[in-house]
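In order, the protein sequences belong to chains A and B. Per the working numbering, the very first residue in the first sequence carries number 1; after that it's consecutive. Per the working numbering, the very first residue in the second sequence carries number 1; after that it's consecutive.
Derived by calculation from the structure, the hints in this document are not laboratory data. Yeah, the Cβ is synthetic: ideal placement off N, Cα and C, and Gly gets one too. Some hints here could point you the wrong way.
Short derived list, chain B residues pointing at chain A, Cβ under 10 Å [as the list claims (entries may be wrong)]: (1) 8; (2) 14; (3) 20; (4) 27; (5) 30; (6) 32; (7) 35; (8) 41; (9) 56; (10) 65; (11) 68; (12) 115; (13) 118; (14) 124; (15) 156.
There are 2 protein chains.
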Amino acid sequence: MNFPSKLVEEAVNEMAKLPGIGKKTALRLVLFLLKQDEQSVVSLGDALVKLRSNTRYCKKCHNISDAELCSVCDNKMRDHSIICVVENISDVMAIENTSSYNGAYHVLGGVISPIEGIGPADLNIASLLGRVKEEDISEVIFALNSSMEADTTTFYISKKLKEIGAKVSTIARGVPIGGELEYTDEVTLGRSIMERVSYKH
Amino acid sequence: MNFPSKLVEEAVNEMAKLPGIGKKTALRLVLFLLKQDEQSVVSLGDALVKLRSNTRYCKKCHNISDAELCSVCDNKMRDHSIICVVENISDVMAIENTSSYNGAYHVLGGVISPIEGIGPADLNIASLLGRVKEEDISEVIFALNSSMEADTTTFYISKKLKEIGAKVSTIARGVPIGGELEYTDEVTLGRSIMERVSYKH
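Chain A extracted, bound-state conformation (with noise of 0.2 Å):
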């Protein structure tokens, strides 16, 4: 591609360094950006360098936070004798937008993947291991995606976990709600089978 001018090739180059936006989106985007006032595009470019000079991490959970202790570590309210272990920031969001949970939450920073490089020392495991071992948890409960190396990782902790004694469940899988069975996998559908709940009435 060859550019006018060599601030918009910087701004194209760096846009493209984002996931999944290419070489042609990120020229959208900057072409966007050209016809917008001035105060917008600083607002935005101070807001992504604020984002990443000045978010903190919860020293109790690793969730992103403003202070020392995130929103829920420093809700009374909440239940903090039940920790659920989750992958990213994004899934104790998608957590907390159902309403449904009132513990507290426990951020991995992904999952034990040999082919990336990731071992149980690049995760907060040993925090949560202290967690556990030193605050008075009731249960907790693994909130990972479905894949093997989500699998592994939830053996080798849930391993750790119960040796020094520690009550551990995962999240149910099975038939999504308004899903058709028709069209579920077989796995999904296999488990959800095997996993049958009695029936409250």
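Based on the hints, put chain B in the right spot on chain A.
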């Protein structure tokens, strides 16, 4: 969406203002940026702010430029007696990438569109007429997109250009190279027959 941090919320809201980027994508991009090292986020923010504050437009053809005259207008090797009229800067880049045009450009900045409230006065039409009057222009080529608005714009400007005695042409419309006749829409195919060119061998 509940955000764990005001900074994240702000960054997501700013990113979601970009065209084609919704809240979910914005969150994905923001979480990606959080994982990058600080310097690369700062350089993205800087590139965007600098882009908007420092980019200038060529005073002659209204293309983006780092200097008073853009690299095309400032290039003595190019044929400045031919002007190619385009809608946007991205069209200049597209034509430049073909390496088959050696003349000058004129960026209108859009097309006449009464629905969007864009009249002739909002576009760089007066400066185009000024160039044709003052400079020794042999031909004005219209390279606008195919739309009702673009056709109106071409008609409007070409009428004014012909009044001052300029030669006006438009880019050829026809079956794209590599395109199959069978799958070409009838308007394009019809036009490619009407505007057939003599075979050179």
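Results of checking the hints against the structure:
1. The criterion of a C-beta within 10 Å of any C-beta in chain A is met by residue 8(B), whose closest approach is roughly 6 Å, and the hint holds.
2. The restraint placing residue 14(B) at the interface with chain A holds, with a minimum CB-CB distance near 4 Å, inside the 10 Å limit.
3. Evaluation of the residue 20(B) hint against chain A yields a held restraint, the C-beta minimum of about 7 Å falling below 10 Å.
4. Here the hint on residue 27(B) is kept, as its CB sits about 6 Å from the closest CB of chain A, short of 10 Å.
5. Interface hint at residue 30(B): satisfied, since its Cβ lies 7 Å from the closest Cβ of chain A, which is below the 10 Å cut-off.
6. Evaluation of the residue 32(B) hint against chain A yields a held restraint, the C-beta minimum of about 5 Å falling below 10 Å.
7. Using the Cβ-Cβ criterion of 10 Å, the hint placing residue 35(B) at the interface with chain A is satisfied: the shortest such distance is roughly 9 Å.
8. Among the interface hints, the one on residue 41(B) holds; its C-beta lies about 4 Å from the nearest C-beta in chain A, closer than the 10 Å criterion.
9. Look at residue 56(B): its Cβ gets to within about 8 Å of chain A, closer than 10 Å, so that hint holds up.
10. With a least beta-carbon distance of about 6 Å to chain A, the hint placing residue 65(B) at the interface is held under the 10 Å criterion.
11. Annotation: interface hint on residue 68(B) violated; nearest CB of chain A at approximately 13 Å, more than 10 Å.
12. With a least beta-carbon distance of about 18 Å to chain A, the hint placing residue 115(B) at the interface is violated under the 10 Å criterion.
13. Proximity of residue 118(B) to chain A is violated relative to the hint, the smallest CB-CB distance being about 13 Å (cut-off 10 Å).
14. Interface restraint check: residue 124(B) against chain A, minimum CB-CB distance 14 Å, threshold 10 Å, status violated.
15. The criterion of a C-beta within 10 Å of any C-beta in chain A is not met by residue 156(B), whose closest approach is roughly 22 Å, and the hint is violated.
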